[in-house]
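Novice: Each residue of the sequence shown is one higher than the last, beginning at 1 in the numbering used here.
Possibly wrong hints are sitting among the right ones.
Stated by the list, open to error - Pairs of lysine-lysine residues, derived as DSS-like cross-links and limited to a Cα-Cα distance of at most 27 angstroms, are as follows:
1. K386 - K177
2. K177 - K65
3. K245 - K177
4. K267 - K340
5. K386 - K413
6. K386 - K311
7. K177 - K155
8. K227 - K104
9. K267 - K257
10. K139 - K177
11. K227 - K205
12. K340 - K352
13. K245 - K205
14. K340 - K227
15. K91 - K104
16. K155 - K104
17. K91 - K58
18. K311 - K258
19. K311 - K245
20. K267 - K352
21. K65 - K135
Claimed, not checked - Distance windows between CB atoms, simulated:
22. A411 - G103: 49 to 59 angstroms
23. A341 - K155: 17 to 27 angstroms
24. A150 - R402: 18 to 28 angstroms
25. K155 - H193: 27 to 37 angstroms
By construction, these hints were calculated from the structure, which means they are not laboratory data. Glycine residues also receive a C-beta, built at the ideal position from the N, C-alpha and C atoms.
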Amino acid sequence: MPAHENHTIRPHSPAETGTHQQPETVIAEPAINPIQAAEFQLDYANTVHGNPELPIEKRRAAQAKASEMADVLEILDYSASSGNSVDSLVKSTERGIGSLDPGKLKRAQEFASQDYSELAGTAQFRHWERGRQAKAAVKAEAERAAAAQAESEQKTDAIDASRAELAETYLLQDVLKGGVAVHTDFAAEYSQHGYSGFSERVEDKRQGVPIKEYNEPFVLEDRNLHKVYGDRGIYEGVVFTPVSKNMYEEVEVPGRKKMFGREPATKQRQVAGTEPMLASEVVAGAADEPAVEMTYRTFGDSSYRSETEYKVPDGRAGNILVVSIVMPESVAGNLEQAGKADPNIIRTVAEKAMLENIGIPEAAWREGDEHTHGRPMRPPYEAWAKASGGQSKLYFQEPGARAFDPSRAVAVKSA
């Protein structure tokens, strides 16, 4: 057969040999580019340098080679990512364009111009390339698994968020089934009695438990609530109080003495103690379990700063909003727990009570209308947050407590 430097090896056909011989498998040499060659030489040099059994001179030479290959790889990687050939980068640098190191560029240019076909056929390179491909496969699988895990976690988070939102919706529905009473400065058109000023509005289904006292539950070391709370950057508070009723007994009271004898004894009805009330005794249609009253109240501060003042419809300072809802004990427990995790839900309860239970128009609540002289009935939450460095606080009062507890002041995150 005539010799050719670049000939194609073709197996003989069965007709030529008289047999059915299988074609010979020809293994192509792996393609190799300068980046692969540099990575291989860098890894090899690092391996030699890290072998303590080799002579120190050989290890030092390998260290120098590794440093050189690192510089070359830096330029080759930049060339590949920028889409500019090494030659064009060299020319740009010669014209004063760019900030690449000329020495590194020169070494990378020389390295890229070499032929690495012989290197591709060596056993060392084949072994390294198999290892590189194996590592790449492991990395790809790890990235795929991480992406799948992240997607799964996102779906789980979305499901959890959806469940939490649904749970909050059901909780709000349960809370607002309670009997609502509100105390604030009402415009005449929104007052239960037809005149403007501070007054109460009470839902018809709430029986026998008006807002008896909306200051006393919050009194701590001072009866001036603006001083206790507002001066500390706390403009809201909430307290959950069991609802009770008086128990009475008849006692015989001796008659008064007279000059001649004594007046007849009389029987009087006196308070003998208290007992819990059932929610069904206070709110028509509520559950037969102990009743709890949630009282939400706003505070000002003792300086009456204009930027934090909650104003009445005619523009004077000093408005307050008190929202009282009587609900079953189990519902109150869930609301208190949810409120401590996110106090915004307490604000939402107050807002929905005003809009849905009391029937205040949304425009009057949010922006103000002609009846409120354009002043919103909604408390100035944003102004409170700004005055408090970005987050105001809501105080969860413990019934009967008389000492201020900083841990009960929970920051209200911006909604």
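Novice: Determine for every hint whether it applies to the structure shown.
Specialist: Results of checking the hints against the structure:
The suggested pairing of K386 with K177 is violated, with an alpha-carbon distance near 34 angstroms, which exceeds 27 angstroms. For the hint pairing K177 with K65, the CA-to-CA distance comes to about 79 angstroms; that exceeds 27 angstroms, so the pair is violated. Taken as a hint, the K245 and K177 pair is honoured in the structure, with Cα atoms around 21 angstroms apart against an allowance of 27 angstroms. A distance of roughly 49 angstroms separates the Cα atoms of K267 and K340; the hinted pair therefore is violated under the 27 angstroms criterion.
This hinted pair checks out: K386 and K413 have alpha carbons roughly 12 angstroms apart, not beyond 27 angstroms. Distance restraint check for K386 and K311: the Cα-Cα separation of roughly 17 angstroms lies within the 27 angstroms cut-off, and the hinted pair is therefore satisfied. A threshold of 27 angstroms between alpha carbons decides the hint, and for K177 with K155 the separation of about 33 angstroms lies outside it, so the pair is violated. Between K227 and K104 the CA atoms are separated by roughly 71 angstroms; this puts the pair beyond 27 angstroms, and the hint is violated.
Of the supplied pair hints, the one linking K267 and K257 holds, its CA atoms being roughly 16 angstroms apart against a limit of 27 angstroms. Taking the CA atoms of K139 and K177, the gap is near 56 angstroms; set against the 27 angstroms cutoff, the hint is violated. Distance hint between K227 and K205 is unfulfilled; the C-alpha atoms sit about 36 angstroms from each other, more than 27 angstroms. Annotation: proposed proximity of K340 to K352 holds, straight-line Cα distance about 19 angstroms (limit 27 angstroms).
With a C-alpha separation of about 18 angstroms, the suggested pair K245 and K205 falls inside the 27 angstroms cut-off, and the hint holds. For the given pair, K340 sits about 23 angstroms from K227 by alpha-carbon distance, which is consistent with the 27 angstroms threshold. A threshold of 27 angstroms between alpha carbons decides the hint, and for K91 with K104 the separation of about 13 angstroms falls inside it, so the pair holds. With a C-alpha separation of about 48 angstroms, the suggested pairing of K155 with K104 is violated against the 27 angstroms cut-off.
For the hint linking K91 to K58, the alpha-carbon distance of about 36 angstroms lies beyond 27 angstroms, and the restraint is violated. Of the pairs offered as hints, the one joining K311 and K258 is violated, with about 61 angstroms between alpha carbons and a cut-off of 27 angstroms exceeded. Taking the CA atoms of K311 and K245, the gap is near 35 angstroms; set against the 27 angstroms cutoff, the hint is violated. A threshold of 27 angstroms between alpha carbons decides the hint, and for K267 with K352 the separation of about 48 angstroms lies outside it, so the pair is violated.
At most 27 angstroms may separate the alpha-carbon atoms for a hinted pair to count; K65 and K135 meet this at roughly 24 angstroms. At roughly 57 angstroms, the beta carbons of A411 and G103 sit within the given window of 49 to 59 angstroms. With their beta carbons about 23 angstroms apart, A341 and K155 fall inside the hinted range of 17 to 27 angstroms. With their beta carbons about 51 angstroms apart, A150 and R402 fall outside the hinted range of 18 to 28 angstroms.
In this structure the hint that K155 and H193 lie 27 to 37 angstroms apart at CB is violated, the actual value being about 54 angstroms.
Taken one by one, the earlier hints fail for this structure at numbers 1, 2, 4, 7, 8, 10, 11, 16, 17, 18, 19, 20, 24, 25, listed in ascending order.
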